[in-house]
Amino acid sequence: MKVGIVGVGLIPWRVRYSEKTYYELALDVTKSALEDARISADDVDHVVWGLSDLMVAWVRQCCPSTTLQDYIGMAGKSSVHVTAGAVTGATAVRQGMIEILSGMSDVALVVGSGKGMDLWDPVLNKRSSAFLKAIMLDLDTNWEVPVEPLAAANFAFAVQAHIDRYGAPTETQMAKVSVKNHGNALANPLAQSGLALTIDDVMNSRRIAGPIKMFDCCLYSEGAAALILASEDRAREICDNPIWIEGAGSSNVRSYMPDFEHLGRLLCQQQSSQRAYKMAGINNPLEQLDFIETHDLLTGVELMSYAELGLCEPGQGGRLIDEGVTERTGRMPVNPSGGMIGCGHVAGCSGISRIGEVVQQLRGRAGGTQVPINKGRAIFSAVGGPGISQSCTIVLGKS
Amino acid sequence: MSMSEIFEAEIEDVYRYRLSYGGQSPYFRGLQEKQLVGSRCNGCGRVWLPLRPICSKCYADAQQVVLSGKGEILTAITLPDSVQHLKHLGGNAATALVRLDGADTCIKAFVVYLSPDLKKGTRVEARFLPEIKNIGDFYFVPVDGGANS
Chain A
1 MKVGIVGVGL IPWRVRYSEK TYYELALDVT KSALEDARIS ADDVDHVVWG
51 LSDLMVAWVR QCCPSTTLQD YIGMAGKSSV HVTAGAVTGA TAVRQGMIEI
101 LSGMSDVALV VGSGKGMDLW DPVLNKRSSA FLKAIMLDLD TNWEVPVEPL
151 AAANFAFAVQ AHIDRYGAPT ETQMAKVSVK NHGNALANPL AQSGLALTID
201 DVMNSRRIAG PIKMFDCCLY SEGAAALILA SEDRAREICD NPIWIEGAGS
251 SNVRSYMPDF EHLGRLLCQQ QSSQRAYKMA GINNPLEQLD FIETHDLLTG
301 VELMSYAELG LCEPGQGGRL IDEGVTERTG RMPVNPSGGM IGCGHVAGCS
351 GISRIGEVVQ QLRGRAGGTQ VPINKGRAIF SAVGGPGISQ SCTIVLGKS
Chain B
400 MSMSEIFEAE IEDVYRYRLS YGGQSPYFRG LQEKQLVGSR CNGCGRVWLP
450 LRPICSKCYA DAQQVVLSGK GEILTAITLP DSVQHLKHLG GNAATALVRL
500 DGADTCIKAF VVYLSPDLKK GTRVEARFLP EIKNIGDFYF VPVDGGANS
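Those protein sequences? They're chains A and B, same order as listed.
Per the working numbering, the first sequence starts with residue 1, numbered consecutively.
Per the working numbering, the second sequence starts with residue 400, numbered consecutively.
Excised from the complex, chain A in its bound form (with noise of 0.2 Å):
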């Protein structure tokens, strides 16, 4: 037995969605995903609900999953709430595929809203402040907040380790990363930040930390996304083209704090990545997968991820980004939707989104940003959390 997705249903990322509530955007994408898989809510058995951990301070709710399953629509049905930092939406989908492969359920809703932007810094007269400063909450509060006055440096300290290690990335090379993604984002109308940027207007940027500047980092967006989950069978009944999941995998692990022999690497997603490989059958992503979407929460962290999954050996990102491999019109097109820092990203929904956009790709469905789809392969790959700490991996195919 395998598991389709049969709907999708994303809406444009914005800085702030100020006529939504997160009910409301959670509503707007289920509708859709609903249409677009062309069921009701009644042929709906479980929804899993991705939603960030950083919900608590955002919403100020622990429990959002409870208003939002009435709001809905889907009032009665089974539920989980699944949450694992910026890596919730691929962690929710692999949820929804467990759900169905054990029998449990037929159909599943796999939905996420994200809202940060109703913070607010009084002192400042600003939300962008309050939205930083709550997003501090990812890391851990005893042991790397006191000591981290930054968001990114988080992420930073991954991206200065990885070239102690190995002599690079440059700053040059993750510049380049910066104009790909923002490009690629000017054909995608669902992207927040299509920009056409010069390799020196990103080296020009703001310094934020160690190697990091401002064009280096992912958008802090609003959004909401959801997907339709199926059993085979019950695939092959509510439409023609079904996109597979054909692998999933996932890894929780501190690639320094204790341990420090992993780092400069992304263990968690290279091993999140080689299982969802193992259960797909690739051993040669180059040769088996058409394009991939990853998380590119800093130009440095994509560059570092092509190793991470099998792209090249570590260190090597860089060469790839300066060979135009990776480009859109490469021949292994990384994050052609413009990615988190070309397109959005708000922890919890966006792994969910991400999906939804390589679903649309094998479809033939991507508008502006379509790549070739020859092999009828692509994957997802989600990292994050603390000390970038967990990755979850989808492979999805076409047959």
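If you're looking for bench data, these hints aren't it; they were derived computationally from the structure.
Misleading hints may appear alongside valid ones.
Unchecked claim - Derived SDA-like pairs (lysine to any residue); straight-line CA-CA distance at most 25 Å:
#1 126(A) <-> 414(B)
#2 456(B) <-> 260(A)
#3 519(B) <-> 133(A)
#4 126(A) <-> 482(B)
#5 486(B) <-> 136(A)
#6 133(A) <-> 410(B)
#7 519(B) <-> 145(A)
#8 486(B) <-> 543(B)
#9 126(A) <-> 479(B)
#10 456(B) <-> 500(B)
#11 398(A) <-> 236(A)
#12 456(B) <-> 419(B)
#13 519(B) <-> 504(B)
#14 31(A) <-> 401(B)
#15 133(A) <-> 411(B)
#16 433(B) <-> 533(B)
#17 486(B) <-> 132(A)
#18 133(A) <-> 417(B)
Go by the hints and put chain B onto chain A.
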């Protein structure tokens, strides 16, 4: 819906804590006495810093050890703006992963330095502010040159 039709209200939620550090309290008590307290596992011999009363690798009990306060930087990221509560020391600030001599684990801490070439392998030693409330109230300086070195 136009912006003028949206209803917004300012809400203040403030939580205060008297936080217990539980079995790791000796680490914080040690900081008050300008000491870095780790633990050595009675089973596998691994030295944890900060201390852990029970070894997370082999689950044997561990006994407290006081480390020298000297070690080396594993990786560091410079912070363009100096850290507010360390500003009076002068110099630049970084956040670093530091492995203390004798420890099998590393800690994250501030480094205050003058030299521009703070990097992997730089030898550092601990300094302590007069009042210690959390791990941000002690910091490292390079052994050979740096603020307050």
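Exercise. Does residue 133(A) lie within 25 Å of residue 519(B) when you go C-alpha to C-alpha?
Worked result: Outside the cut-off at roughly 29 Å; violated.
Exercise. Holds or violated: residue 133(A) with residue 410(B), Cα cutoff 25 Å?
Worked result: The hint holds at about 17 Å.
For this session: For the pair we were handed, residue 31(A) and residue 401(B), check the Cα-Cα distance against 25 Å.
Result: 23 Å, holds
Exercise. Would the pair residue 519(B) and residue 504(B) pass a check requiring their Cα atoms to be no farther apart than 25 Å?
Worked result: 16 Å, holds
Exercise. Does residue 500(B) lie within 25 Å of residue 456(B) when you go C-alpha to C-alpha?
Worked result: 20 Å, holds
For this session: Below or equal to 25 Å on CA atoms is what counts here, so check residue 126(A) against residue 482(B).
Result: Given pair residue 126(A), residue 482(B) holds - Cα atoms ~21 Å apart, limit 25 Å.
Problem set entry | Distance restraint between residue 486(B) and residue 543(B), which requires alpha-carbon spacing of 25 Å or less | 20 Å, holds
Problem set entry | Holds or violated: residue 456(B) to residue 419(B), with C-alpha atoms at most 25 Å apart | Holds, because 24 Å separates the two Cα atoms, which is no more than 25 Å.
Exercise. Are the Cα positions of residue 456(B) and residue 260(A) separated by 25 Å at most?
Worked result: 14 Å, holds
Exercise. Keeping to a limit of 25 Å between CA atoms, is the pair of residue 133(A) and residue 411(B) held or broken?
Worked result: 15 Å, holds
Exercise. If you draw a straight line from the CA of residue 486(B) to the CA of residue 132(A), is it 25 Å or shorter?
Worked result: 22 Å, holds
Exercise. Regarding the pair residue 433(B) and residue 533(B), is the alpha-carbon distance no greater than 25 Å?
Worked result: 13 Å, holds
Consistency note: the structure conflicts with earlier hint 3 alone.
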